[in-house]
Amino acid sequence: TRKMTVEYIDSSSTPEKLVLLVFIIAIVIGNICVFITFIAHADGKHWSNMFILGMAFLDLFIGGFVLPMRFISAYVNPLTQKLCAALRIGESCALAAVIYAILFMIYTRLYSLKQPSPNIRRRYILLLLIISWIILFLFYGIPFMTNYVLPLISTTSNITSYCTTYSASIYHPPWMAYTEIGIIYSLPLIFIFIGLIYLLHYLCQPRPKQLESAERRIYLEQRQMTWDIFL
Numbered sequence: 007t008r009k010m011t012v013e014y015i016d017s018s019s020t021p022e023k024l025v026l027l028v029f030i031i032a033i034v035i036g037n038i039c040v041f042i043t044f045i046a047h048a049d050g051k052h053w054s055n056m057f058i059l060g061m062a063f064l065d066l067f068i069g070g071f072v073l074p075m076r077f078i079s080a081y082v083n084p085l086t087q088k089l090c091a092a093l094r095i096g097e098s099c100a101l102a103a104v105i106y107a108i109l110f111m112i113y114t115r116l117y118s119l120k121q122p123s124p125n126i127r128r129r130y131i132l133l134l135l136i137i138s139w140i141i142l143f144l145f146y147g148i149p150f151m152t153n154y155v156l157p158l159i160s161t162t163s164n165i166t167s168y169c170t171t172y173s174a175s176i177y178h179p180p181w182m183a184y185t186e187i188g189i190i191y192s193l194p195l196i197f198i199f200i201g202l203i204y205l206l207h208y209l210c211q212p213r214p215k216q217l218e219s220a221e222r223r224i225y226l227e228q229r230q231m232t233w234d235i236f237l
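To get our numbering, take the position in the sequence shown, counting from 1, and add 6.
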């Protein structure tokens, strides 16, 4: 079993804890409001809203589980090995899932711009998000649930703890580190950047002249949606 001996430094303060708690509460309440707004405005269930709901769910998971567990680990009690593994799986999957949701949303919008009358079903978007979450869970879950948790032993109290730091609490084997850097993060971020360039190119095009009233309304709605996705 891999072990690391460290000396813990307590740098916590009451204002720091309060700010973190307020931040956690704000994330939870804000994303609950997103779900309430979606339910209250049933007519606005456009395909793009499925991506917003997916990211709101991930943010709610981060605010309801990941950050509270980090708070407990830092200021209350060290987490057990199983909780540490669950935390690392959760935060790694959530971060990567948000990146892929943004990627899917951008290229779905680019696809819809190329089609005269795109028929994008919401259930396909939901299925795409769920499949990506399952793949990410398998990628992070299997290694982190086996033998890649790194115990940290305090030099002062001789207490073994887990999830004390982001960098040392989980050991990444080389194959996993290369896959994470190359496929999980680098490629999506590159394609996101390219997709944003194409969206910006569309937004910079002048408005077509001599549009009818209905056509002008549709054009403005499409342009506003593209701006929302771009931002």
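Think of the hints as simulated: they come from the structure by calculation, not from any bench. Check each hint, because a few of them may be wrong.
Distance windows between CB atoms, simulated [said to hold, decoys possible]:
1. 188 <-> 137: 17 to 25 Å
2. 71 <-> 22: 16 to 24 Å
3. 141 <-> 199: 20 to 28 Å
4. 151 <-> 228: 39 to 47 Å
5. 188 <-> 22: 18 to 26 Å
All residues carry an ideal CB built from backbone N, CA and C; glycine is no exception.
> Do the Cβ positions of residue 141 and residue 199 conform to the proposed distance bound of 20 to 28 Å?
Replying inline: Since the Cβ atoms of residue 141 and residue 199 sit about 22 Å apart, the hinted range of 20 to 28 Å holds.
> residue 151 and residue 228, beta-carbon distance inside 39 to 47 Å?
Replying inline: Given range 39 to 47 Å: holds, Cβ gap about 45 Å.
>> Quick check: does the Cβ-Cβ distance between residue 188 and residue 22 fall within 18 to 26 Å?
In response: violated (36 Å)
> Is the hinted range of 17 to 25 Å satisfied by the C-beta distance from residue 188 to residue 137?
Replying inline: holds (20 Å)
> Does the Cβ pair residue 71, residue 22 satisfy 16 to 24 Å?
Replying inline: Holds, at about 21 Å.
In summary, the one numbered hint that this structure violates is 5.
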